[in-house]
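When you get a sec, could you build the whole thing from the sequences and use the hints?
So the chains spell out like this:
2 protein chains.
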Amino acid sequence: MANRNTTEIASLGEFGLIDRLTSRLKRRNKSTLMGAGDDAAVIDLGDEVMVMSTDMMTEGIDFDLGYFPLKHLGYKCVVRGVYDILAMNAKPEQLVVALGISAKISVEALDALYEGMECACEELGVDLVGGDTTASVNGLVITVTAIGRAKKSDVVYRSGAKEHDLICITSNLGAAYMGLHLLEREKRVLKDVDNPEPQFAGYEYLLERYLKPRARKNVLEALREEGIMPTSMIDLSDGLASDLRQICRSSRCGARIYLERIPIAKQTTDLAEEMHIDPVIAALNGGEDHELLFTVPLEMQEKVMRLGLVDVIGHITREEAGVVLVTPDGEGIALKAQAFDR
Amino acid sequence: MANRNTTEIASLGEFGLIDRLTSRLKRRNKSTLMGAGDDAAVIDLGDEVMVMSTDMMTEGIDFDLGYFPLKHLGYKCVVRGVYDILAMNAKPEQLVVALGISAKISVEALDALYEGMECACEELGVDLVGGDTTASVNGLVITVTAIGRAKKSDVVYRSGAKEHDLICITSNLGAAYMGLHLLEREKRVLKDVDNPEPQFAGYEYLLERYLKPRARKNVLEALREEGIMPTSMIDLSDGLASDLRQICRSSRCGARIYLERIPIAKQTTDLAEEMHIDPVIAALNGGEDHELLFTVPLEMQEKVMRLGLVDVIGHITREEAGVVLVTPDGEGIALKAQAFDR
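These protein sequences, in sequence, are chains A and B.
Under my numbering, read the first sequence as residues 1083 to 1424, first letter to last.
Under my numbering, read the second sequence as residues 1083 to 1424, first letter to last.
Keep in mind that the hints were calculated from the coordinates and are not lab data.
Please note that a few of the clues may not be correct.
[Stated by the list, open to error] Below, in silico cross-link-like pairs of lysine-lysine (DSS-like), each with a Cα-Cα straight-line distance of 30 Å or less:
1. Lys1153(A) x Lys1348(A)
2. Lys1173(A) x Lys1112(A)
3. Lys1234(A) x Lys1108(B)
4. Lys1244(B) x Lys1173(B)
5. Lys1233(B) x Lys1112(A)
6. Lys1234(B) x Lys1173(A)
7. Lys1153(B) x Lys1112(A)
8. Lys1186(A) x Lys1269(B)
9. Lys1269(A) x Lys1294(A)
10. Lys1173(A) x Lys1294(A)
11. Lys1244(A) x Lys1233(A)
12. Lys1234(B) x Lys1234(A)
13. Lys1173(B) x Lys1173(A)
14. Lys1186(A) x Lys1186(B)
15. Lys1233(A) x Lys1173(B)
16. Lys1299(A) x Lys1385(A)
17. Lys1112(A) x Lys1112(B)
18. Lys1108(B) x Lys1173(A)
19. Lys1348(A) x Lys1418(A)
Note that the structure is a prediction, hence the values are computed from the model and not measured.
This is how it looks when you write it as structure tokens:
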């Protein structure tokens, strides 16, 4: 359909497409407190709210069944779906799954997929309450839509970050991205080998981070117990650079993060060097981290550090200062979301 | 992945796959009143419930962009998504949309899709509150997940049909199925023609039924105003035979429907004869009708007929009697869901 008179989606840039599509949306129900524009929609239930979010994964883009075991895939799609609920500081309770099933998928393959989904549901205390299955001409498609509940006053939006707030993340970054690169490399290398034996020794952690990301529900519980209320929060899925820019855009603020404070696992650095990839690029722009990025008031610094679950990587500034990465020699580099702008 | 040791999905039959996948699901939250097994999941909100349902459409299976205008497609996917909420007798309020976008889709094409979605949302009083976009290697994929609310006592399940209840439908059947056949025929005929001019004259109604199905919200409102509470209800999407069997299965009952009472539009019969298709097969097994099938107590007969919005096509029997189609000469034929069993 695209021809000379039409616009390619890529030309709209990082936020352009979403803005264009959502700008026309109207709110007709007073129960709609928050529509598009955050991790999840927020629906009024009185004292409480319901939050709701949807996430699609397509074969060939979001996963390769050549090396992604179906049980892990089921696990991961539930974790991804639920993360948007967690990122609103809500308790995920139910989800529905829509599947587009290609002819090559057997009943046993679906069993494995559902086994993985139930495994994640069990860990997260969520109920899989329904779904839809349709055929798919080309490849497996999975859409997980999750809902959760929170007290109205507990909901954390992307838009609440204030100057001087601390920027926190829940784990080292770039590991899932390198895990994906490792799987892709072994697939290339072993393409024409009869009994392929992929070489993953020493890099198991990276594979786990890509194939079986963990939902950091425990961090949210710890924050709650300590009385630390984040001012803003987002699911780290597109990469630190892009997701931090989302927070800054929604909160109309800037940010300074410090390169030497961004945690990168040794396996990530080792494999990145082996593959001639800059580990900092993996950490900033790799994506697929599936961790939480959030801000807390400066006075919470000691409490947050004491948790031992979080890294503080920088602080929020005024909007005019932009979103800046500070190198060890003190130089400030404007952060771009390379995944979109390249 | 399917090989000699695996099971093909088709071999599980009409209800086999869903049963197999959902049998392992656990309920962990007391707010989960109803999981898989009806048109929508039901979630406890106190006096009220929230109902939630998801619906996926994939290119090449559920639509052909060769003849399905994107604006109509946007409209239809919202109507389909909302129908499951209506079929629970709930008020649809919000929905989220996940899109898998192939490279050939331009920004203008997405604009048209969203325009159609907003058009349906406006008619149905629903808010599109968020979504997800991902790339898709092969073809457009759309998942609509809708939620709605109802008083707990107003929810209508599939499982409430009782012996002697009347079986009602909200429109003639088979028209959308014949509309699809017409579009497919013109596509075949005009495949190699430079400036194709498809011949649709006289059959516009069939095209509209396929391309722009209407959600029968007005029927539900009329039933409510007249104090008629359905005992069971389902969205007619797989065809009358399959969907009636779903009601009978959930309600542990049988049914007798009368062939001469099943409304079939003249255009449907005309085109079916022209294309050597049995119009009764189109009406019973065609699917895509997107109407409501419901049962009401026998004593509501006069009230229901007076509405002028509904056809009564038969009645509920005991389970042992099976699901039977009665021909004009009084013969009873066991109804099969051909879409699955062939």
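Okay, the hints, checked on the actual structure:
The hinted pair formed by lysine 1153(A) and lysine 1348(A) meets the criterion: a straight-line CA distance of about 28 Å does not exceed 30 Å. Straight-line distance between C-alpha atoms of lysine 1173(A) and lysine 1112(A) comes to about 23 Å, which keeps the hinted pair within the 30 Å bound. A distance of roughly 28 Å separates the Cα atoms of lysine 1234(A) and lysine 1108(B); the hinted pair therefore holds under the 30 Å criterion. A C-alpha spacing of about 25 Å is found between lysine 1244(B) and lysine 1173(B), which places the hinted pair at or below 30 Å, so the restraint holds.
This hinted pair checks out: lysine 1233(B) and lysine 1112(A) have alpha carbons roughly 17 Å apart, not beyond 30 Å. Distance check on the hinted pair: lysine 1234(B) and lysine 1173(A) sit about 23 Å apart at the alpha-carbon level, within 30 Å; holds. At most 30 Å may separate the alpha-carbon atoms for a hinted pair to count; lysine 1153(B) and lysine 1112(A) meet this at roughly 27 Å. At roughly 28 Å between alpha-carbon atoms, lysine 1186(A) and lysine 1269(B) fall within 30 Å of each other, so this suggested pair holds.
Between lysine 1269(A) and lysine 1294(A), the direct Cα distance comes to roughly 19 Å. Compliance with the 30 Å bound is thereby established for this hinted pair. With a C-alpha separation of about 21 Å, the suggested pairing of lysine 1173(A) with lysine 1294(A) holds against the 30 Å cut-off. For the suggested pair lysine 1244(A) and lysine 1233(A), the alpha carbons sit about 22 Å apart, so the restraint of at most 30 Å is met. At roughly 23 Å between alpha-carbon atoms, lysine 1234(B) and lysine 1234(A) fall within 30 Å of each other, so this suggested pair holds.
Simply put, lysine 1173(B) and lysine 1173(A) have alpha-carbon atoms about 24 Å apart, close enough for the 30 Å limit, and the pair holds. Restraint check for lysine 1186(A) and lysine 1186(B): satisfied, since their Cα atoms lie roughly 25 Å apart, inside the 30 Å limit. Simply put, lysine 1233(A) and lysine 1173(B) have alpha-carbon atoms about 24 Å apart, close enough for the 30 Å limit, and the pair holds. Pair hint lysine 1299(A) plus lysine 1385(A) holds up; C-alpha atoms about 18 Å apart against a cutoff of 30 Å.
A threshold of 30 Å between alpha carbons decides the hint, and for lysine 1112(A) with lysine 1112(B) the separation of about 27 Å falls inside it, so the pair holds. With a C-alpha separation of about 18 Å, the suggested pairing of lysine 1108(B) with lysine 1173(A) holds against the 30 Å cut-off. Between lysine 1348(A) and lysine 1418(A) the CA atoms are separated by roughly 25 Å; this keeps the pair inside 30 Å, and the hint holds.
Violated hints for the displayed structure: none, as all numbered hints are satisfied.
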